[in-house]
Amino acid sequence: MRIILVTFVLVGSVAFFGYWSIGQFNQVFDDLSISNLANNHLVYQSLSRPVTKRASTTPHISLDIADIPDTEDIATSTDLEAVSTSTVHELSFTFPQGDTEVYIGCTYPMSWDLSMTVDSMSVMLVDAGTRIAVEPGASGLERENTVEEDSKNIDWEVGPVWAGEYYIKIFKVNDTDTEIRSKVFVINNMPENTSTSEKEGICEESAALL
Numbered sequence: 181m182r183i184i185l186v187t188f189v190l191v192g193s194v195a196f197f198g199y200w201s202i203g204q205f206n207q208v209f210d211d212l213s214i215s216n217l218a219n220n221h222l223v224y225q226s227l228s229r230p231v232t233k234r235a236s237t238t239p240h241i242s243l244d245i246a247d248i249p250d251t252e253d254i255a256t257s258t259d260l261e262a263v264s265t266s267t268v269h270e271l272s273f274t275f276p277q278g279d280t281e282v283y284i285g286c287t288y289p290m291s292w293d294l295s296m297t298v299d300s301m302s303v304m305l306v307d308a309g310t311r312i313a314v315e316p317g318a319s320g321l322e323r324e325n326t327v328e329e330d331s332k333n334i335d336w337e338v339g340p341v342w343a344g345e346y347y348i349k350i351f352k353v354n355d356t357d358t359e360i361r362s363k364v365f366v367i368n369n370m371p372e373n374t375s376t377s378e379k380e381g382i383c384e385e386s387a388a389l390l
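Residue numbers (this note's numbering): 181 to 390.
To be clear, the hints were calculated from the coordinates, so they are not data collected in a lab. These numbers come from a predicted model, not from an experiment. One or more of the hints may lead you astray.
What the hints assert, rightly or not - Calculated lysine-lysine pairs in the DSS-like style (CA-CA distance at most 30 Å, straight line):
1. K379 with K352
2. K349 with K363
3. K349 with K379
4. K332 with K349
Generate coordinates for the entire structure from the input sequences, incorporating the hints supplied.
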């Protein structure tokens, strides 16, 4: 009887120990599975994380082909301007000259020689001593002048300036900037107590317009 009882106790103990061991093994296996699953999930998240685009340090340049000037047009424009300026510089005064003497109150043809057609001309009378320009109201010479077709002169009625030496400066021809000076000439006062006929004679002798 004792042997049977001991046998049952031993068998029960072995069975209990076996059942407990299996339970512990399953628990450890479950823990390992959960741990691996969590690690795999973290790895997947790190791999699937969207890549943040870094701002480019290279400036973006937008170039419209319409903004690019035609090189042929540039060359043509430059060439025309150079030709125009070069031609304007060939202008020379035919009146007044260095030995010219004009009189206040007489009208003279300020004239020039130039191969190109002149449509407009900007001029001024300059005191040869001080090199200060005389205002049109005193000089009688307008700054901006429209030249008549096929004409090569501007009518100039000498205004009430101080008698002395002057020159005429052209600073623009056909809207092209330039700087051309006449030779220095003399402006004289009309003699006092001169009759109208005598004034006309003086003007005529000094090449004034009648």
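Structure versus earlier hints - violations, ascending order: 1
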